[in-house]
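Chains as they are written, first to last, in the numbering used here: chain A, 26 to 223; chain B, 15 to 169.
What the hints contain is simulated information worked out from the structure, not anything from laboratory work.
Everything numeric in this text was worked out from a predicted model, so none of it was measured.
By construction, the Cβ of each residue, glycine as well, lies at the ideal position given by its N, Cα and C atoms.
Hints may be right or wrong, so weigh each one.
Claimed, not checked - Ranges between beta-carbon positions, derived for each pair:
id: 1; chain 1: A; residue 1: 62; chain 2: B; residue 2: 115; range: 44 to 54 Å
id: 2; chain 1: A; residue 1: 155; chain 2: B; residue 2: 83; range: 51 to 61 Å
id: 3; chain 1: A; residue 1: 183; chain 2: B; residue 2: 62; range: 23 to 33 Å
id: 4; chain 1: B; residue 1: 15; chain 2: A; residue 2: 208; range: 27 to 37 Å
id: 5; chain 1: B; residue 1: 64; chain 2: A; residue 2: 220; range: 53 to 63 Å
id: 6; chain 1: A; residue 1: 108; chain 2: B; residue 2: 109; range: 25 to 35 Å
id: 7; chain 1: B; residue 1: 83; chain 2: A; residue 2: 64; range: 47 to 57 Å
id: 8; chain 1: B; residue 1: 56; chain 2: A; residue 2: 43; range: 12 to 22 Å
id: 9; chain 1: B; residue 1: 166; chain 2: A; residue 2: 66; range: 17 to 27 Å
id: 10; chain 1: B; residue 1: 149; chain 2: A; residue 2: 183; range: 48 to 58 Å
id: 11; chain 1: B; residue 1: 134; chain 2: A; residue 2: 91; range: 27 to 37 Å
Said to hold, decoys possible - Simulated coverage check for chain A against chain B, where a stretch passes if three residues somewhere in it have a Cβ under 8 Å from a Cβ of chain B:
id: 12; region: 38 to 51
id: 13; region: 103 to 117
id: 14; region: 156 to 164
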Amino acid sequence: MTPLTPPSSAPPPGLVERLIDRAADAGLLDVAYAPVDTPLGTLVAARTPRGLAVLSYADVNGGVDAVAEQLAARLSPRVLEAPARLDDVRRELDEYFAGRRTRFDLPLDLGLVRTDFGRRVLRAAAAIPFGETRTYRDVAANAGNERAIRAAGSALGRNPIPIVVPCHRVLRAGGGLGGYTGGLERKAALLSIEGVLP
Amino acid sequence: MIPFQQVLDRHRDTVWRVCVATAGREDAEDAFQEAWLSALRAYPRLPEDANVEAWLVTIAHRKAIDVHRARARRPVPSDTLPERAAAPAPAPSEEDELWDAVRALPPGQRAAITLRYAGDLRPIEVAQALGISAEAARRRIADGLQSLRQEVQPA
Numbered sequence: 026m027t028p029l030t031p032p033s034s035a036p037p038p039g040l041v042e043r044l045i046d047r048a049a050d051a052g053l054l055d056v057a058y059a060p061v062d063t064p065l066g067t068l069v070a071a072r073t074p075r076g077l078a079v080l081s082y083a084d085v086n087g088g089v090d091a092v093a094e095q096l097a098a099r100l101s102p103r104v105l106e107a108p109a110r111l112d113d114v115r116r117e118l119d120e121y122f123a124g125r126r127t128r129f130d131l132p133l134d135l136g137l138v139r140t141d142f143g144r145r146v147l148r149a150a151a152a153i154p155f156g157e158t159r160t161y162r163d164v165a166a167n168a169g170n171e172r173a174i175r176a177a178g179s180a181l182g183r184n185p186i187p188i189v190v191p192c193h194r195v196l197r198a199g200g201g202l203g204g205y206t207g208g209l210e211r212k213a214a215l216l217s218i219e220g221v222l223p
Numbered sequence: 015m016i017p018f019q020q021v022l023d024r025h026r027d028t029v030w031r032v033c034v035a036t037a038g039r040e041d042a043e044d045a046f047q048e049a050w051l052s053a054l055r056a057y058p059r060l061p062e063d064a065n066v067e068a069w070l071v072t073i074a075h076r077k078a079i080d081v082h083r084a085r086a087r088r089p090v091p092s093d094t095l096p097e098r099a100a101a102p103a104p105a106p107s108e109e110d111e112l113w114d115a116v117r118a119l120p121p122g123q124r125a126a127i128t129l130r131y132a133g134d135l136r137p138i139e140v141a142q143a144l145g146i147s148a149e150a151a152r153r154r155i156a157d158g159l160q161s162l163r164q165e166v167q168p169a
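Using the sequences and the hints given, assemble the complete structure.
Structure (structure tokens):
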């Protein structure tokens, strides 16, 4: 009768989902993530118990698994793929790209932003309304230091939650696009959705 | 550390097999959940060079024993006698019967056989999981297989 074959192979459907619910209830799910498909490509959304912490363009960050590894390194190794926990993020992004949403109602976790000034810059960017733009100088001023234009630019460049924190609405003083975490084509596409660019 | 999701993806089926082999199909789902919750709780403190599979198999084996024992001790409450027997369980496969026989082995052999063949641990890893010498682990595996042969061999 040897070799002894192990009992059959895979847990029944739904069991892992129930496990993830229990982990969240027990306070053991530090980071829930899921890929979200959008017209601008796949984004990886990740939330902590405090709110949405990451919205990452998968292609420029090495793919979904690489983003999960960054989450483990920077937030907590207790990272699980839990699409149901990002349903609201997926729905609001769908509505935004369909032209039916002009502001996001999602709790945010800016815990990945290391400096106080960086957090103020992102809050200033988050306050720019749909369809409007500001200069890097405006954002630096609204964050409390109008001379810190370069620092404001680099905080926007490291924005962990693009689109929802609309750093794409920040342009150069002369109207030039400046930079963007997902590439300038995406910045232009977002500004087109909002009617700023043709 | 690697994201826990990747640990789950890699070892989910092994942990499931250990739970089924140790606790039986009825208790395997509870055991599976308890094992992974326990692993998730401890994961951030796991040393970088740890053998993750052996660690998980050991946890799953312990949790499966706990769940199985707890249920065996808990009588099913019943105010009224059922009018008829409950629907019969699905017919056990040959494979399930074999693992039923494993669960009937003396505890030492049973643990060694489960870790070796359901958990796919090497004998040295079985020894570490059970806190016994490699020689003792090999002996328990051999004795367990011998008992199973006598048990399952058609007359």
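Hint by hint, here is what the structure shows:
One distance hint, 44 to 54 Å for the beta-carbon pair residue 62 of chain A and residue 115 of chain B, holds here, with the actual separation near 49 Å. Roughly 60 Å separates the CB atoms of residue 155 of chain A and residue 83 of chain B, a value that falls within the hinted 51 to 61 Å. Range check, residue 183 of chain A to residue 62 of chain B: about 28 Å between beta-carbon atoms, so the 23 to 33 Å window is met. About 30 Å separates the C-beta atoms of residue 15 of chain B and residue 208 of chain A, a value consistent with the hinted range of 27 to 37 Å.
As the Cβ distance of residue 64 of chain B to residue 220 of chain A is approximately 55 Å, the hint placing it in 53 to 63 Å holds. A hinted range of 25 to 35 Å for the beta carbons of residue 108 of chain A and residue 109 of chain B is consistent with their spacing of about 33 Å. The supplied range of 47 to 57 Å is met by residue 83 of chain B and residue 64 of chain A, whose beta-carbon atoms lie about 55 Å from each other. Checking the proposed 12 to 22 Å range against residue 56 of chain B and residue 43 of chain A shows it holds: the Cβ atoms sit about 20 Å from each other.
Between residue 166 of chain B and residue 66 of chain A, the C-beta spacing of about 56 Å breaks the proposed range 17 to 27 Å. The hinted window of 48 to 58 Å between residue 149 of chain B and residue 183 of chain A holds, with their beta carbons roughly 57 Å apart. Distance hint check for residue 134 of chain B and residue 91 of chain A: the Cβ-Cβ separation is about 29 Å, which falls inside the suggested range of 27 to 37 Å. Counting residues of the region 38 to 51 of chain A whose CB lies closer than 8 Å to any CB of chain B gives 7, so the stated coverage by that chain holds, three being the minimum.
With 4 residues carrying a beta carbon less than 8 Å from a beta carbon of chain B, the region 103 to 117 of chain A meets the three-residue requirement, and the given coverage holds. Coverage of a stretch by a chain is defined here by at least three residues with a beta carbon nearer than 8 Å to that chain's beta carbons; for the region 156 to 164 of chain A and chain B the count is 0, and the condition is violated.
Comparing the model with each earlier hint shows violations of hints 9, 14; every other hint is respected.
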